[in-house]
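> Sequence:
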Amino acid sequence: MRSVDRSSSRKQPRSRECPASTQVKGSIFGLRGDMAATPRDPSGMQQPIIWGNVIGILVFHLLALYALVTLPLTEIRWQTYLWGYFLYLAGGFGVAGGVHRLWSHRTYKAKWPLRVILLICFSISGQNSVFDWVRDHRIHHKFSETDADPHNANRGFFFSHVGWLMQKKHPEVLRRGRQVDMSDVLADPLVRFHKKYFSLLKLLLCFFIPVVVPPLLWGEGWYNSAMGIGIVRYVLLLNAAWSVNSLAHIWGGKPYDREISPTENILVTWLTAGEGWHNYHHAIPWDYKAAELGPTTINWTTYLIEMFSRIGWAYDLKTPSSELIRKLVQRRGDGSHYKWGAGKEGTESIVGQSVGDKFQQWGAARELPEEMPTECE
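Residue numbers (my numbering): 411 to 787.
Keep in mind that the hints were calculated from the coordinates and are not lab data.
What you were told as hints is all true, and nothing was included just to trick you.
Within a straight-line C-alpha distance of at most 25 Å, the following computed DSS-like cross-link-like pairs (lysine-lysine) qualify:
(1) 612 with 578
(2) 605 with 579
(3) 579 with 612
(4) 612 with 521
(5) 519 with 606
(6) 578 with 606
(7) 579 with 606
(8) 521 with 606
Computed Cβ-Cβ distance ranges for the label pairs, DEER-style:
(9) 602 with 748: 41 to 51 Å
(10) 627 with 741: 51 to 61 Å
(11) 564 with 610: 34 to 44 Å
(12) 680 with 629: 24 to 34 Å
(13) 593 with 717: 26 to 36 Å
(14) 594 with 478: 38 to 48 Å
We treat Cβ as the ideally placed atom computed from N, Cα and C, and that holds for glycine.
Please model the entire structure based on the sequences and the hints provided.
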């Protein structure tokens with residue numbers, strides 16, 4: 411693994427090479443990156459505004475506010491509430507379990523039936539294509555809180571939440587994005603299919619089918635379905651996903667690594683059903699759980715992945731040993747682990763050999779490396 415030069419004034423971290431058979435081409439699966447390689451450039455803060463995005467985002471949010479005022483005055487069938495909640499959870503699973511933990515970080519492997527489910531669920535969320543999402547997320551991890559980070563939290567809450575979508579990308583984001591190796595993603599025919607038919611899939615699975623189902627199947631009013639399912643559900647899910655980039659990079663504890671901006675944020679965890687344990691995720695991005703799974707952990711994405719692993723659709727689930735986590739907490743944590751963590755037990759994968767076992771084989775359990783081997787399979 412490549413060592414990372416964080417700054418000239420800090421101790422040079424030791425490099426720990428993974429066995430050749432475990433190296434992943436591209437070296438970008440969650441690597442925190444060279445924080446000094448892309449310094450903050452004030453001259454690049456003012457990028458051209460994309461007025462089409464500004465107007466579109468504004469219109470959707472205004473319609474959502476109008477719907478929240480007017481929908482309580484109508485009679486909405488209980489099936490519609492359940493349908494909207496199902497779509498919210500399905501879209502969240504597509505983001506967290508699919509484009510994030512599977513395609514971006516390769517924390518586990520999935521057979522084609524599960525990948526189809528994840529692709530459908532991600533399309534329900536109505537975000538970017540899998541290709542664009544993964545590319546941006548990989549450079550976000552590698553160059554977090556620098557000008558190469560698409561949603562750099564150092565630029566404030568609004569920018570990291572939604573403002574980054576309202577203007578053209580910083581030149582450094584574009585430059586680093588062109589350097590990211592996406593060959594593993596494009597090797598998946600389902601991802602290539604989604605990239606080719608992205609607009610059609612988004613229209614059908616995020617808007618058309620969700621909206622027409624309630625009126626056709628249980629007689630819901632078209633206004634209620636269009637506004638409640640087509641607008642409110644979509645806007646809520648978008649803001650839940652955006653909160654990971656904003657709230658979970660600004661407010662919360664840092665029990666695993668006090669030197670990075672991502673935090674443990676319980677509100678984000680509730681909104682995303684498991685993606686708010688963000689300090690842990692940035693410290694150990696290759697864990698399929700994206701959390702330590704303590705007694706207070708909310709992480710239904712993990713439970714779904716484990717459910718699919720029991721039927722063989724998900725496999726090679728990666729997770730660290732409790733010993734590795736303990737050493738990480740002791741060396742880098744801010745002292746708040748007792749509030750968030752699982753303690754010594756409860757961090758092993760339920761299936762197969764954990765990545766923590768492999769760390770012990772490589773000797774990492776005896777001494778925690780300065781740089782976590784985030785690119786090992």
